[in-house]
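Generate the whole structure from the sequences, applying the supplied hints.
For the protein sequence lines, the chains are H and L, in the order given. The first sequence begins at 1 in the UniProt record's numbering and counts up one residue at a time. The second sequence begins at 1 in the UniProt record's numbering and counts up one residue at a time.
You can trust all of the hints, since none of them are fake.
Repeated chains share a single entry, so a pair holds when one copy, or any two copies, can fit it.
Calculated lysine to any residue pairs in the SDA-like style (CA-CA distance at most 25 Å, straight line):
1) K189 with E83
2) K98 with R131
3) K98 with Y49
4) K158 with D147
5) K103 with L153
6) K98 with R111
7) K158 with Q33
8) K98 with P190
9) K98 with A59
For the record, the hints were derived by calculation from the structure and aren't laboratory data. Given the structure is predicted, the values throughout are model-derived calculations rather than measurements.
Number of protein chains: 2
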Amino acid sequence: MTAGETIRIPPCSGHAVELDAGDELVVIDPMGQQVSDLTAFCREDLDEYLSSGRSIDYASRLWLSTGDVLYSNRSRPMFTILEDTCGRHDFTLTPCSKEMFEKLYGEAEGRPGCEGNLARALAPWGVSRDRVPVAFNIFMHVAVEADGRIAVLPPLSKPGDHVRLRAEMPLVVAMTACSAGQSNNFRYKPIDFRVERARDRSAG
Amino acid sequence: MTAGETIRIPPCSGHAVELDAGDELVVIDPMGQQVSDLTAFCREDLDEYLSSGRSIDYASRLWLSTGDVLYSNRSRPMFTILEDTCGRHDFTLTPCSKEMFEKLYGEAEGRPGCEGNLARALAPWGVSRDRVPVAFNIFMHVAVEADGRIAVLPPLSKPGDHVRLRAEMPLVVAMTACSAGQSNNFRYKPIDFRVERARDRSAG
Numbered sequence: 001m002t003a004g005e006t007i008r009i010p011p012c013s014g015h016a017v018e019l020d021a022g023d024e025l026v027v028i029d030p031m032g033q034q035v036s037d038l039t040a041f042c043r044e045d046l047d048e049y050l051s052s053g054r055s056i057d058y059a060s061r062l063w064l065s066t067g068d069v070l071y072s073n074r075s076r077p078m079f080t081i082l083e084d085t086c087g088r089h090d091f092t093l094t095p096c097s098k099e100m101f102e103k104l105y106g107e108a109e110g111r112p113g114c115e116g117n118l119a120r121a122l123a124p125w126g127v128s129r130d131r132v133p134v135a136f137n138i139f140m141h142v143a144v145e146a147d148g149r150i151a152v153l154p155p156l157s158k159p160g161d162h163v164r165l166r167a168e169m170p171l172v173v174a175m176t177a178c179s180a181g182q183s184n185n186f187r188y189k190p191i192d193f194r195v196e197r198a199r200d201r202s203a204g
Numbered sequence: 001m002t003a004g005e006t007i008r009i010p011p012c013s014g015h016a017v018e019l020d021a022g023d024e025l026v027v028i029d030p031m032g033q034q035v036s037d038l039t040a041f042c043r044e045d046l047d048e049y050l051s052s053g054r055s056i057d058y059a060s061r062l063w064l065s066t067g068d069v070l071y072s073n074r075s076r077p078m079f080t081i082l083e084d085t086c087g088r089h090d091f092t093l094t095p096c097s098k099e100m101f102e103k104l105y106g107e108a109e110g111r112p113g114c115e116g117n118l119a120r121a122l123a124p125w126g127v128s129r130d131r132v133p134v135a136f137n138i139f140m141h142v143a144v145e146a147d148g149r150i151a152v153l154p155p156l157s158k159p160g161d162h163v164r165l166r167a168e169m170p171l172v173v174a175m176t177a178c179s180a181g182q183s184n185n186f187r188y189k190p191i192d193f194r195v196e197r198a199r200d201r202s203a204g
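In structure tokens, the structure reads:
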């Protein structure tokens with residue numbers, strides 16, 4: 001990948017990339033109404049991972065957006081959300097999986113889902129499927145009723161909407177073009193991303 | 001512990017216990033308005049753990065109660081909620097921790113919090129602090145506003161309220177009497193629990 005090049009994540013797949021502190025990751029929904037499940041691990045110690053529960057607690061908000069910080073299980077900042085043109089994401093659900101497709105959709109094909117695709121992308125770093133936590137589900141629209149019932153609705157993202165995340169520590173980040181029909185309005189579209197390196201900015 | 005004996009978890013501490021499939025765990029709030037953070041691991045493979053994201057997804061509800069199943073990261077049932085006299089619990093936040101006390105309460109004492117107490121209780125099974133996930137926070141009352149803001153309110157539990165959980169696989173379960181003032185209305189009370197063994201029922 002060359003500096004600032006936009007990479008396409010094909011439908012129903014995943015991709016991992018290393019970031020250094022200060023690098024910026026731009027996750028783009030090129031066609032609208034697609035979801036990208038994102039998770040991250042600290043490259044200096046892979047036992048430190050992106051934590052939904054910490055991030056929600058510190059923001060005192062279920063849904064995070066511009067200015068919010070995504071924390072690790074060790075309560076250290078992993079990302080800051082610098083830009084968010086969509087405004088609605090989920091941080092409560094685990095990535096879709098083979099078992100989830102069977103239970104919720106009655107699918108028998110055994111598609112790996114975002115969980116399997118994240119694990120496959122993270123395999124070179126030694127991160128197994130069991131260690132894929134609740135993800136930051138970018139553009140995923142989960143409505144919560146007053147009685148706590150949840151509904152997975154089509155994303156609010158329009159073509160070209162993006163989220164810009166600044167890495168706050170050395171990270172390996174994995175993200176997907178989501179495989180769950182309900183999350184992406186049964187369209188199964190790609191996701192684009194771009195990395196803007198801190199070293200290129202300081203050299204420029 | 002003898003059969004059916006009620007054990008008291010002192011304020012701001014944790015306790016772990018092994019359950020076999022069919023055993024029932026009764027978690028009791030003896031004085032009212034106290035929270036117990038609970039997590040669990042499969043004894044046959046400790047990489048399988050209680051998953052908030054899977055459980056919420058399969059229930060399609062943020063707040064779980066009687067009849068709901070608590071799932072593992074591998075989408076297998078770990079517990080079924082057989083009884084729930086309170087009706088409101090949280091499954092979105094990580095256990096309180098030393099770092100959380102510093103960030104949200106400005107505390108400098110370094111109390112271990114539920115995270116540290118769960119890790120201490122789980123140490124004999126080789127489970128470290130990093131592996132304590134988002135917990136099932138029994139009796140914890142987290143209100144969600146329409147805009148996603150959350151508020152930690154005093155628990156709705158009255159003295160003697162309880163939750164009865166049936167183990168669906170061989171488990172090690174850890175639970176606490178919660179250390180976070182906001183969660184328990186700054187009263188820091190104990191939690192009681194009782195294990196009713198399947199083998200005692202079948203022998204009786």
